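Protein chains: 8
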Amino acid sequence: MDQTSLKRLLEEVASGAVSTDEALARLRLRASASLAEGVTLDLDREGRCGQPEVVLGQGKTLEQIRAAVSGLADAGQRALVTRLDPGHGESLLADYPQGLHLPEARLFVLGPSASEIGPPWPESGEAMVISAGAADRAVALEALATARFYGVSAGMASDVGVSGLHRLLPHAKALTEARLHIVVAGMEGALPSVVAGLFGKPVIAVPTSVGYGTGLGGLSAVLAMLNSCAAGVAVVNVDNGFGAGAMAAKIIGEAR
Amino acid sequence: MDQTSLKRLLEEVASGAVSTDEALARLRLRASASLAEGVTLDLDREGRCGQPEVVLGQGKTLEQIRAAVSGLADAGQRALVTRLDPGHGESLLADYPQGLHLPEARLFVLGPSASEIGPPWPESGEAMVISAGAADRAVALEALATARFYGVSAGMASDVGVSGLHRLLPHAKALTEARLHIVVAGMEGALPSVVAGLFGKPVIAVPTSVGYGTGLGGLSAVLAMLNSCAAGVAVVNVDNGFGAGAMAAKIIGEAR
Amino acid sequence: MDQTSLKRLLEEVASGAVSTDEALARLRLRASASLAEGVTLDLDREGRCGQPEVVLGQGKTLEQIRAAVSGLADAGQRALVTRLDPGHGESLLADYPQGLHLPEARLFVLGPSASEIGPPWPESGEAMVISAGAADRAVALEALATARFYGVSAGMASDVGVSGLHRLLPHAKALTEARLHIVVAGMEGALPSVVAGLFGKPVIAVPTSVGYGTGLGGLSAVLAMLNSCAAGVAVVNVDNGFGAGAMAAKIIGEAR
Amino acid sequence: MDQTSLKRLLEEVASGAVSTDEALARLRLRASASLAEGVTLDLDREGRCGQPEVVLGQGKTLEQIRAAVSGLADAGQRALVTRLDPGHGESLLADYPQGLHLPEARLFVLGPSASEIGPPWPESGEAMVISAGAADRAVALEALATARFYGVSAGMASDVGVSGLHRLLPHAKALTEARLHIVVAGMEGALPSVVAGLFGKPVIAVPTSVGYGTGLGGLSAVLAMLNSCAAGVAVVNVDNGFGAGAMAAKIIGEAR
Amino acid sequence: MDQTSLKRLLEEVASGAVSTDEALARLRLRASASLAEGVTLDLDREGRCGQPEVVLGQGKTLEQIRAAVSGLADAGQRALVTRLDPGHGESLLADYPQGLHLPEARLFVLGPSASEIGPPWPESGEAMVISAGAADRAVALEALATARFYGVSAGMASDVGVSGLHRLLPHAKALTEARLHIVVAGMEGALPSVVAGLFGKPVIAVPTSVGYGTGLGGLSAVLAMLNSCAAGVAVVNVDNGFGAGAMAAKIIGEAR
Amino acid sequence: MDQTSLKRLLEEVASGAVSTDEALARLRLRASASLAEGVTLDLDREGRCGQPEVVLGQGKTLEQIRAAVSGLADAGQRALVTRLDPGHGESLLADYPQGLHLPEARLFVLGPSASEIGPPWPESGEAMVISAGAADRAVALEALATARFYGVSAGMASDVGVSGLHRLLPHAKALTEARLHIVVAGMEGALPSVVAGLFGKPVIAVPTSVGYGTGLGGLSAVLAMLNSCAAGVAVVNVDNGFGAGAMAAKIIGEAR
Amino acid sequence: MDQTSLKRLLEEVASGAVSTDEALARLRLRASASLAEGVTLDLDREGRCGQPEVVLGQGKTLEQIRAAVSGLADAGQRALVTRLDPGHGESLLADYPQGLHLPEARLFVLGPSASEIGPPWPESGEAMVISAGAADRAVALEALATARFYGVSAGMASDVGVSGLHRLLPHAKALTEARLHIVVAGMEGALPSVVAGLFGKPVIAVPTSVGYGTGLGGLSAVLAMLNSCAAGVAVVNVDNGFGAGAMAAKIIGEAR
Amino acid sequence: MDQTSLKRLLEEVASGAVSTDEALARLRLRASASLAEGVTLDLDREGRCGQPEVVLGQGKTLEQIRAAVSGLADAGQRALVTRLDPGHGESLLADYPQGLHLPEARLFVLGPSASEIGPPWPESGEAMVISAGAADRAVALEALATARFYGVSAGMASDVGVSGLHRLLPHAKALTEARLHIVVAGMEGALPSVVAGLFGKPVIAVPTSVGYGTGLGGLSAVLAMLNSCAAGVAVVNVDNGFGAGAMAAKIIGEAR
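Residue numbers (our numbering), protein chains in the order written: chain A, 1 to 256; chain F, 1 to 256; chain U, 1 to 256; chain X, 1 to 256; chain Z, 1 to 256; chain R, 1 to 256; chain C, 1 to 256; chain W, 1 to 256.
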């Protein structure tokens, strides 16, 4: 709870404009909305953190997801659901035909501009998403669509891994003009180091679970990225395209 | 090598202004300077990446470090040496009395504004470094001084870990006004999640090796930070204060 | 085998009241009941440990589970079966319609007060179960129902993770009045540290397998909880809601 | 910050008894005391959590430790310093000759009853500390002295590991009468399971780094303890005698 | 190839009784029989190692398994197939109705005494198999039947884990009279240490994958068993009942 | 991009034979072909690296695989698809009946000599593939067929693991005459060390995921192979038959 | 406590020959002797387990070790101290000049036949210790001397690892005549599989910490040995020569 | 033992030219020379494997190393000692002043051409050693000198890691002309993938322990290299410059 709003509330209590019970209630009411199925929404997150509440679809029942989405809709807020089973996505689309279901990116979006978030995917923007292999595409799209959900102009360059670095060349202009790079790679996870060394932008590195054997479900890529010898690389969880897109949106939000 | 400068060079070759041998030589000369002791400097890094070459002191002999620092000085560039043994730092200070040796942060700085990088440490700035425990201070100072080396206005809030979160309160104003937070924590590594949830700024999380037993030399904190349930957290290597400071400088550089 | 009952038996042997063969037989008879399918019940556990034998459903065939439940019923003891496949639970309910099947918590309960253990779930009690996310609900319910099976008054606060700590506020009164907290969290596992720091009660931390990538099936949460910088946190196995509930019941049993 | 005191403060503001600036200042003043060397003390912890602030000696310089101890002394609070280098302990004892230095347990204690915390070590009490091997003694003493610092009556049974379980017999009476057991073991970490199975008390299991090879510095014992098949076992970090003692004190505090 | 038979062959060559080509052929012919599907049988293993070739069913196609079994049958040798899918076992039984299929132990046996290897399972013998939980029964039966296949008199005691050690008592006589113990346990893997400490026989410890979370698929039990503080414990792979039975047979074979 | 061709291009630009735009375009055109579904082909790889582009089938949709194969076919290049689902392989064969589908090796080959790559498998050649067990056969075939795709004469010796080393004898001549050995083994991964010690050829070691429990999906074999005490052993990823075959082809290509 | 002696005691109580208090005391007195410094000796271990109590030197202070050795000596028992610092060994030798200090094996032996346990080391015996490299010698000697301490005739074959298996030949006769093999190896840990495959004896595999990098302090060797494809291999902890020697003594003791 | 020489020996036995005892003796005599201190030399390795016996210095006493070197010298063979403590190297140089001690590479060489193996280090050759950072130089020199010991023409390119790839350009000619590349890198271990993608030569990847935190002593680099998406990369142990040099020598030896 930030100092400024706390102070304002204290002054209103002091002036009698607000009773102490009312003040306590307000503190509570703002906090959250408790729904069925054990779901509690953080409806004040946009005010506090600059980004609205997001619903992690994984591990939740369809009922829990529905409760969360309708809770956000009832509060007049936009909704982004991530890591969604395709079937759950179809059900949400049946509930909210005006929403946008992106099954490859495992996302569902509800809100005024939902339709503007989906394809065709741009090839340039303030944030550029670069993916190492075609198999990393789902995670890259999750990052791209998340950034766009948060209002960031974002583009994509696909399948340009370190075993053929010259494939980066056609994208050189877009990469040079972007403010930051989201680099998505599995296997040995070397692409973020190389991109950071070549272009010098801040790099949000997204390891993916693409690989086998000693890839350890993405852990090898995580380790490689954390140990990058290039300056300006920071890492999010395996396959966490959402996290990278949200981080990019916060960084670019601060840059405006 | 970016497309624009390559095209310009091609045009100069085409116009006869530059011979092909000269062109090839230029490409090579810009590349690097090969010194004694197996050290090769990347003197063009600032042009390419926006930040000058940095010397990682760890694992290098004093001779290798000296060769690198004098190579940078000869090229008229500033120098930052990181993860420096105290003895090596003393030797560098004897060589370059105008330099700045920060033994707690294990840094040595050489260049016009070296003296302005050191203490007293500010309590506010564009980038705020927040450390969980007093034992995390060395890494926090490495991040702070690195950010300042790169021209970022940066401040610090110390010893405000999750077992007593109210200790964050006196720093609330500075934290709210900063553009990003560098959060330094060992042990369970929970502070970045909490700070990201409270303030909503982009958080560069720096796990430290502070802890014991299942702390696994910082690996537990790495894992906690990568698994943060808060949006807007990205992670660098254990004890990598330099990496966090450089990332912060790149982000803030893009924001200007 | 405790000293007191051993001494009493020795005295009975000495007095001739009990023959040595009888003494040896008694020692054996009390020990256990060997059933079909390789199942051996510890029918004396309640006498020895204060809590009756419990049947771990995982890894057992339906026949083994049935043998155990009927063995306990035949001995006039209550039965709790944990980590039960839904199908096995349905079969047990068909066998014992007076029992309680809680599929979300993967539990089956047989005994006088079975019906009093299930929903509606209280919001306060001697033990408070706090869960970080809606996806942790199954484990939280397992802890809650186990504690209630053992006669503890227990309540629950759901979906109040560290990315929005103010969601704890509506539960502040119940949390302050409880004797201990069971804190259930996956992902970065930070909630136990924060709750221990805010309320100061003994915290039984239950890591869950909720998460992905570097969550490592709950191992990251385990490590974070073991490395808690807050005093008064102890940890059970991943998803071990039963273990937490049983521990809580023992602690509160000693407190009476 | 708990609801009750927040409400009281709001009422005082509402009544005009306290100005808003004063209210804000009070919130801040209570929070913490910022000392030299990056140390911030949580002076309100006893009020909030029932146990005073403790100083983790590991990873801190002597200057940081001294700053913390004198800060606590100046605030009229007792001090417990843990995981202390012997040299640092000697220095503290020179500063505060009335304090108690327990080098084997790596503790320093300052306060009215410091002398009552040390040896001779009792053999019975509300909390019984049981150690598997003679090499686990340092950790066991840390747990024992910590519990006593927090006012718990505690005793010890040493060197009674699973390879010779009958060595538990002479301690059977004390173990049966205690409210809880702290079980300290390295190597295979089997003792907590066995003790929980025999006596049925709540067991706080403390893995130690005693062992070699696949002991993995205590990690094997951690894993064994987390996987205990006995109900009523919860685990703290490797060698974390302090954590076990503090947890015991909280549990017994709630039991009174 | 052992020195004695090599010397005999050399003498036969020297005496002219055997030609050099014949000698070389013999060396080759004894070595192995190459079958279809990439299977090569080691038909001389019984002569060399005292135990006939065994067929690991896991990872092999039904065709590969059939080729191996018929190869052994054609060579007049007994056959033991381990880790067999139930369907593959049914197919083998259809091929060889005189064989023995033990689906719970995942074994198929072919040979004169096949029928004598199966149930009813004895409760005493030269080798005693002790299992901690009912869920460990499949692995325990694999060990028991393997030992019996190799001609060892072996018995079993089931479901006598460390959380209720007194369940060992009814088996005390059989355990004391056996020459060695095979102890099968998952979860914390503590039973081998306890049995070795109580009875002092050589213990072959078999970790099982029974457990969850930090059980890590049996790795925690492996580590606990390798770190046993009791002398006389050696460990085989997770769920490797076959390996334990074969080891037991070799030890008892040497003891005759 | 190599110096020689860059210099030639520069000279052509200097002479006016090539315009700067044309030069830039050529640099770009050579680089890659961007297809639908996020696939970018590296059509110049054979010129640059001596081996044509290969399509990793794993993690790709059938549409992505088809786009890649038709892209290669359109460019007049041969195609090798690896780690292919059987169903995807059938679909490709329906598209290109002249291709070769090797379901056991999970490969699809398209090009002039496709039919010559498949069975019958030779028993000798420049490269010898040696597999430890019948269950390692799929990976061994992947290595064998890959080497043959790249024009290497290669043979195979199957099921000759370390528990019966004399099974190597019938292959001694072929093994002695080969230029290098690819050794494929799961479980303890000991075969490469033994083969390197006996024959002294360069050994490419391929760990497989054959095994269970502490085999850790092939990681134990990886570790054993990396720690080989025999000189001349280098290791590829778990189950990476393709990588071993390609490495062999490069080595033998250099040897001609 | 075994059934037979318990029954005898019960009969004596029944006959009045022993009072109940006396019986209880006897049970206690036999159990253990509690010494200074937290050391508790298991003086009845030889009666119960067939091998006397052994003192693990690692992690104990010299005072603790001295207390244990003199406790054993006072009880008229032999003493074996393992994993001893050289300095502690020298101190014990000064205390007990009739003892045997083997610094390379880190052992100290006290008792009638101490001098017969040391060098010269035999080359044959009931148990043969086989070591892979010269650097494994210390662990091999620990196993050899331990077996001899327990009265086993044991011999050694050194430095015969898998990279030159023919070095085993000169030892073939001794290896064939032994009852079991203790195989000591670091690095890839392949020797036990090969020896078991060649000779067919029961193999106690001792991984050592010899190696570097991915040797992981012996863990790679542990994993290789647990995954042995040869039947008849069981594994003890890293560098646990004592454990292997004790296991061998138990096996051979049963074989007599 | 290869078939050809075995057959020849058999024929000599058959012809009476060699007695059976003599034949057996020869088999034994060729095998090895057993020295003091538990060292057994494999004097026939060059005949069998094409490379002479090498002495691993690590973990051996000076006496063991001396015994091995003099054993090789007595047999008229060249000697290479690796991973040598500087002090041990000085002692060997005092014993054999004509030898070559390379302390940075931790090698000692004895033999006719020892002096030709050392510096100055060439910049081109059949094998090119490429190191990522100045701190990797010791391992790179170990690889370089080992390859030269085995008669390979080898050169080096230093400090050309992925954060500034253009530093590879001045070495492009030498890299293009070499037959294979040894790529030495710590931290994220990305250089082998990039070099293999750019030049297409077979790459022997050598991970180093350079790094910190999640570098895990070189394990992160190992994983990255094993997961390389570029074809033609095989990996040796961490810091195993010797292994890479020996592998290179074997490959180039086959190529002649």
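Everything labelled a hint here was simulated from the structure, so no lab data went into it. Hints may be right or wrong, so weigh each one.
Mimicking SDA-like on lysine to any residue, the simulated pairs with C-alpha atoms at most 20 angstroms apart in a straight line are [claimed, not checked]:
#1 K173/X - R8/Z
#2 K173/X - G47/U
#3 K173/F - E22/X
#4 K173/C - H166/Z
#5 K173/A - H166/W
#6 K173/R - E11/W
#7 K173/A - T20/R
#8 K173/R - H166/C
#9 K173/R - G50/W
#10 K173/A - K173/F
#11 K173/W - S153/W
#12 K173/A - P122/A
#13 K173/C - E126/C
#14 K173/Z - G50/C
#15 K173/C - E46/Z
#16 K173/X - S153/X
#17 K173/F - T20/X
#18 K173/W - E11/R
#19 K173/C - R8/Z
#20 K173/R - G99/R
#21 K173/R - S153/R
#22 K173/Z - E11/C
#23 K173/R - E254/W
#24 K173/R - L9/W
#25 K173/F - E46/A
#26 K173/X - A174/U
#27 K173/Z - E46/C
#28 K173/F - G50/A
#29 K173/F - R8/A
Predicted model, so just to flag it, every value in this text is computed and none were measured.
field: 20 angstroms Cα cutoff - pair K173/A, P122/A
entry: 14 angstroms, holds
message: Holds or violated: K173/R and H166/C, Cα atoms, limit 20 angstroms.
response: 19 angstroms, holds
message: Run the distance test for K173/R versus L9/W: straight-line Cα separation, threshold 20 angstroms.
response: Holds - the C-alpha atoms of L9/W and K173/R are around 17 angstroms apart, at most 20 angstroms.
message: So if I understand the rule, the pair passes when the alpha-carbon distance is 20 angstroms or less; does K173/C with H166/Z pass?
response: 47 angstroms, violated
message: Given the hinted pair K173/X and S153/X, is their Cα-Cα distance within 20 angstroms?
response: Between K173/X and S153/X the Cα gap is close to 16 angstroms, so the pair holds against 20 angstroms.
- prompt: Hey, K173/R versus G99/R, does the alpha-carbon distance stay inside 20 angstroms?
  reply: Since the Cα atoms of K173/R and G99/R sit roughly 34 angstroms apart, the hinted pair is violated (cutoff 20 angstroms).
message: For a C-alpha distance cap of 20 angstroms, please report whether K173/W and S153/W respect it.
response: 16 angstroms, holds
task: Mind checking the alpha carbons of K173/X and R8/Z for me, to see if they're no more than 20 angstroms apart?
output: 71 angstroms, violated
field: Pairwise hint evaluation, E11/W against K173/R, where the allowed Cα distance is 20 angstroms at most
entry: 18 angstroms, holds
- prompt: Is the straight-line distance between the alpha-carbon of K173/C and that of R8/Z 20 angstroms or less?
  reply: 14 angstroms, holds
query: Taking only the CA atoms, is the gap from K173/F to G50/A under or equal to 20 angstroms?
result: 17 angstroms, holds
query: Given the proposed pairing of K173/R with S153/R, does the C-alpha separation stay at or below 20 angstroms?
result: Roughly 16 angstroms separates the two Cα atoms, so the pair holds.
Comparing the model with each numbered hint stated earlier shows that hints 1, 4, 10, 20, 26 do not hold.
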